Structure formats: structure tokens, C-alpha cells
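S.K.: So the sequences go chain by chain: A and B.
In this text, residue positions in the first sequence follow my numbering: the first is 5, and each later residue adds one.
In this text, residue positions in the second sequence follow my numbering: the first is 5, and each later residue adds one.
Hints are computed from structural coordinates only; laboratory data are not their basis.
Treat the hints with care, as some may be off.
Where chains are identical, the list cannot tell them apart; a pair therefore holds if satisfied intra-copy or between any two copies.
Quick list of in silico lysine-lysine cross-link-like pairs, BS3-like style, CA-CA up to 27 Å [what the hints assert, rightly or not]:
hint, residue 1, residue 2
1, Lys121, Lys197
2, Lys121, Lys198
3, Lys166, Lys198
4, Lys6, Lys180
A quick note: this is a predicted structure, and the numbers were derived from the prediction, not measured.
Protein chains: 2
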Amino acid sequence: MKKIVTAAFIIIGDEILSGRTKDENLNFLACALGENGVSLKEARVVPDIEQEIIDAVNAARKKYDYIFTSGGVGTTHDDITIEAIAKAFGDNLVKNEEAANLLASYYGSRLTEIHMKMAYLPSRAKLIENDILSPSGFVVENVFVLAGVPRIFRAMFEGIKKEIVGGAKIKSREIKISLPESSIAKVFADLQKKYPQVIMGSYPSETGASLVFRSAEYEFIDISLEEMVKILQEIDPKSIVATS
Amino acid sequence: MKKIVTAAFIIIGDEILSGRTKDENLNFLACALGENGVSLKEARVVPDIEQEIIDAVNAARKKYDYIFTSGGVGTTHDDITIEAIAKAFGDNLVKNEEAANLLASYYGSRLTEIHMKMAYLPSRAKLIENDILSPSGFVVENVFVLAGVPRIFRAMFEGIKKEIVGGAKIKSREIKISLPESSIAKVFADLQKKYPQVIMGSYPSETGASLVFRSAEYEFIDISLEEMVKILQEIDPKSIVATS
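Next up, chain A with everything else stripped away, as it sits in the complex (with noise of 0.2 Å):
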């Protein structure tokens, strides 16, 4: 059996918690870690203060594979997230020269002391590639760095997809049915306990609910979603509005 690899992401930002921004990179990233095997097992947003940053980072890195965080990574006073990934591995600043030169040849005669700022990264890090090339994203140990703007970070995940060792991949089937959960919720209980392998979860939607069959066993899934179909029929053929 394949291991199940696990994430943690990080929002970091006084936007999302004041409502001013939607998150938009939690859903992305959980939909992209799914498909490269990872699993994401936590997100948290955290505000613009250094402490807060530094223990979400060290107290997710030792609990899972890979970390992610968002946001904060500008060159504005407000952007702290590089320091305190310095802080959190016990590192310092120092002028990475990879960076600094993609710096260099992305803002030409306009380079100002400013933009070089971003050059300045923890001295373990890694630049993470990206189209987009500026600001870069960087890695050190499990913890990518990543831009907070839904395009830049899109497009550095894009870049650090090739380091990531995903593990087993869940697959998902689905029933929607037109019944309310509270009706199929003892046979459903019944079914999740011979089935342990799958993970079945129940979402009530304002027609009914989705079923939903989740496992790295593939052929459970099959197995244990049909044998509920059989269930509903009996019940109510109507109750299926359809399977996925």
C-alpha cells in the first residue's frame, strides 16, 4: 500500500481576517495537492504578526510532509512572512544571488533598492521556479513560500509541482439523493463500519444530500458505493438523482 502523504497551508493576512479578501488558494490548492497525491489535512489563517507565523509554521512542519503558506512575501512593510520563516528554522537574511540576479533582469534600468529587498531570503532557501519570475517564491526544508495574489500563486505551484513526492491518491465517487440524510443516516453508519476503508461522508444540500465514498482503495469505493445504490433502491428508486 502506497503511504498517504499530508499538507498543511498557511494563509497569512490581516485581509482575510478583517473580510476585506476572499481566500481564493485554499480550494485551488486542496484540488492540486489531490491530484499530486497529497493530502491536505489542516489550513489555518493567520494575522500579520511574526509569533503567530512562526508557531503555525513550526508546529505544522513537524506534524506533516509539506507546508505551504500564502501572502506576505511583497515589498511593502506589512509583507513579514520572509523574516519570520528565517526565524522559524533559526536562520538570518542573506542576499541569495539566483534571486537577485532574476531580479535584475526583470526590472532592468528600473531595479531600485526596494525590489532588491526580495532578494533577501533565508540562507537555506531554494528559489521556487515560476513564469512569472518576480517576486520569487522559495523553499526551505518541507515549507514552500508562496505569493499570495490567486495568479502568482498559481503560477509558483506550477513551479514546485515537479518537488513534491505525492503518496496514494484518493479517489472519489459520489451519490446525490433527493432524501434527507437523517433517512439514509443508519444505513449509511451501517455501511461505513464493513467498509473501514473508505471514507464516507454525508453533505446535505437544499434538495437532498451527497453521499460521498473518498479512499486510496479504489475498489472499495466501487464495492461500497454500489452496494448503497442497491440500498437506495430499495428505499426509494427516486431517491438517486444521479452517481459520479
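Based on these hints, arrange chain B on the given structure of chain A.
M.R.: Chain B only, in chain A's frame:
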């Protein structure tokens, strides 16, 4: 000066972490709390694992004034929030007569044992009033337990608003600029140093940046924002796209 009242939000749900469902409650709660004088300081998404929920709730309830949870209060086997909350408080689930009466009047002759499961709450739980009635959320000390379905989450929040004693309301103003944030980073940092009462943030966009001024001391927002407007007019009068 009014006290800053703080909150944390714990989103319970494998479906958010797997990417199947996009969370829609965080932004609503952040805005609604802000309007009621409560600052959201942290948000977490935790999986449907009892110990993870217990640990997240116990860490947060000591650190913040109010805790809100969403998800896992339904009738299926994967709904484990209520029991986890009881355990976090070292409490037991007992039949809550008020909840039982609500369920009986809501379901009438359709009431089953499964529905009645929702009446078993921590012994110290107080029901949350809401217009939807079933399932009901509840509160134990400073922890408010709400449903995950956005429509029900919002209805429950309406029901608990009067239980929340807010503090200083944070007001926010903003300057949209057409310049990249790197070009104002130095002057903006100097302004932040001059007005420590105001939290100043810069958020890059595809067309420039938004400079945000937030504080519970409103007069300083206006003074510092107007000073930034003057600085921008000196740099380039056309750089100011809008102020609000």
C-alpha cells in the same frame, strides 16, 4: 479606549480540505463580526477527526474571547462535532429538553430516533435561536457551534448576534493606486511609523495596489490617509485611482 474583542473560527470539514466544497462562511463571519465590534484573529480548517477538533477548540477558547465552529452537527456518522465539543469541555451528552421539543414540533409525525439524536447536547449547552429551527446550534461558555451549510450558518449567526458583546469597532479606509507597491514602500513604511495607532497594509492588484488604513481610533485613519494622499499627489497626481 474600548477593549478589542477577539474571535477564532474553526471550520470542521474533510470536504473543505479535499477541495470538494469551497468554504463560504469565513468571509461572511469575518465581515459580520467586524460589524459587531469583534476582530477575527485566526481561522482554522480541521478534518473530521475528534482529537483534532478537541485540540483546536481547547487551544482557541483560552486565547480568544469568542470561538465559532461550523460543520459536523447533522445526523450522519461523520457528524462528530457535538461529541467533540462535549469532550473538549469534559462534559457529557444529555437530552436537551428544549431541543427535543423543537425537533418534535418541527418534524411532527415524521420524527425518528435519528432526528432525536440532534437533541443530545453537552449538559452545559444553551440552544441558539434561529428561524430555521432544525438542526439547532448551541453555545457552551464562549464556544458557538453552528451548522456548515451557509444558509443555516447565517440564520444561526443572526440568532446569536445578541449574545455577543463587541468592543471597539475597527474602521477601514482605502486608497487605490495605479503604481506598483514597491514604488511607495518606503514612504508608506515611514507613515506607518509615524501613526502606530493605524494598521496600514498594502495589497497588490493586477493594476497597482490598495493601501488600507485600519484602526479603532478613527481620527488617526483620516489624518494618516490624507497625509498619504498628499505624498501621492507629489509623486504623481494621476497615481490616485480612488479613495474610500
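S.K.: Against each hint, give a clear statement of whether it holds in the structure.
M.R.: Each hint, compared with the structure:
no.: 1; hint: Lys121 with Lys197; result: between (56 Å within a copy, 19 Å between copies)
no.: 2; hint: Lys121 with Lys198; result: between (58 Å within a copy, 22 Å between copies)
no.: 3; hint: Lys166 with Lys198; result: neither (38 Å within a copy, 45 Å between copies)
no.: 4; hint: Lys6 with Lys180; result: neither (30 Å within a copy, 50 Å between copies)
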